[in-house]
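Now that you have both chains on their own, put them together as the hints suggest.
Protein chains in written order, with this note's numbering: chain S, 192 to 409; chain D, 1412 to 1512.
Watch out, some of these pointers could steer you wrong.
Covered stretches of chain S (chain D as the covering partner; in silico rule of three or more C-beta atoms under 8 Å from a C-beta of chain D) [to be verified]:
| no. | segment |
| --- | --- |
| 1 | 231-244 |
| 2 | 256-267 |
| 3 | 307-314 |
None of these hints come from the bench; they were simulated from the model.
From the three backbone atoms N, C-alpha and C, an ideal C-beta is built for every residue, glycine too.
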Amino acid sequence: MTLTLLAAGGATIPDIIVFAVSAAVIIMGAFGVVTSRNPVHAALSLVMTLFGVAVLFIEQDANFLAAVQVIVYAGAIVVLFLFVIMFLGVDRRENIEAEPLVGQRPLALIFVGVAVASLVALLVSSHWVTGAHGVVGPINGSVNPGSPGAPSGEVAQLGKQLFTTYLFAFEATAALLVIAVVGAVVLARRERRDLEKPSVESPDDEPSSDSSEKEVLR
Amino acid sequence: MSLSGGWYLTLAAVLFGIGAVGVLVRRNVLVMFMCIELMLNAANLTFVTFSRMLGDIGGQVVVFFVLVVAAAEVVVGLGIVVAIFRRSTSTVADDLHVLKG
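Just chain D, with the same shape it has in the complex (with noise of 0.2 Å):
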């Protein structure tokens, strides 16, 4: 018998701002994508603590989903950030102007 669910909820609310903050401030893009990578992993645990509080096995198959789509996430996402590193040599977010006017 684990701690009540508003412990975990707490913390995974902690965690997701932790993230929000990181994406919002940092200017490397690796690290934004570890920021959200950091909510997602909140919304995770959300998930699983809810299971557990309802009883019911179907946030954890929604986390089994969020895995699998994070990781596709990922994949892409660092494709795209090795494609731009090859035009711009950066990987810093306010160096990609290309599109201003």
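Only chain S is shown next, with the shape it has when bound in the complex (with noise of 0.2 Å):
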């Protein structure tokens, strides 16, 4: 590691000691993730990584996407994987330990590996820092620089970025939110032919909770 890359440039201690601590709570969290055998200790697993990410977003001061981070991923993607491990009743211990690709856990592990530590090579051997002008805008300044009590700051940056520079991407995802929305709909919802005709394939096809559910519903 290159010291200039690495140094300690004017952190301070507490610095230092938020950064060691979020570091090993998205580390943990993220073997969690992937060791856990219970699906839903995955996800609060993963709820401890994303919380370790949101305080390094705040030491970066990005606090604002601290909070949407709070909120999008802990508060509604999290909750919608374990609203989906319970609907589906998959939440019971499975067996990790048997490999049915004989030979895949160590080769997965040393194509990772290897991309881990050409990716870390080519940080230490880069200058990212090139002294040019930002293409977007400052972080901290002033909105709009000469008026008086113009709102500054990264979040007034931000929103101004977002409806200026990038409208046309950030009405791009409202159409990408409408359409997962439908998508979802679409995916979710059982066909009104197959509740009238049960049997249209073979019924032996058929898994027994959804012929049973058909029932009820009829």
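As structure tokens, then:
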């Protein structure tokens, strides 16, 4: 590691402690997601990792994104995961010792290890901060420099850029969310035709819970 | 003044690696989705770090869009998982071999 890249450069002791603790939380949570047998435990470990990442966002002056991270990820996405786990009833321990593809795990570990090692090597050998001016806008600058009392700071900048430079992408995300909602509804709804004629295919293929649910619905 | 960006980038690389291992190794579709979320978070952390290192708000805007796309992806993905579970009552990726010749 080059000293310039990983030097503590002006960081105080609390900064180092915050980084170390949240890095430990993030790594432990990530290991929990990968190694826990119960999907519910994996989801809770995911929450741990997400909170650690939110703390690192705050540490890097991205306060709005930290709040959004907690609200959207921990509040919505993980709850959705838990809802589906409970809804499907798969919240039991699974056997993760069995290895259906022989030699897949060592190969996966080797390939990912090589990938991460080359990422870190690239990181060490590169100079990221070029001294060039920002292409979008400063993080903490005033939104409207001439007028007095104009809002400044990272949230104001984020809002301004979102509704000016990135307006088209912002509108596209609106369309994307509508498409996602419609897609989820289409995927989740049951065909009425199936309800009236349960034996379109051979009834043996139908899972038992499915047919009993149809009886209830009828 | 927080630590220099290299620490954050290294942590993000390690987090991405753990998520990639999870996607490759685990068989449960739900856990694979969670590992994809881990990788998205590693990318978000990288974007925020570069945003701070370069003093440019653009990285944070990209993180905002990544959050939106992740939410949409999870909604559609879990809808597909529920739809598949209705037919095969399994969330193990190896059990989905109906297209195999």
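Hints versus structure:
no., hint, in the structure
1, 231-244, "holds (count 6)"
2, 256-267, "holds (count 6)"
3, 307-314, "holds (count 4)"
Checked against the numbered hints listed earlier, the structure breaks none of them; every hint is satisfied.
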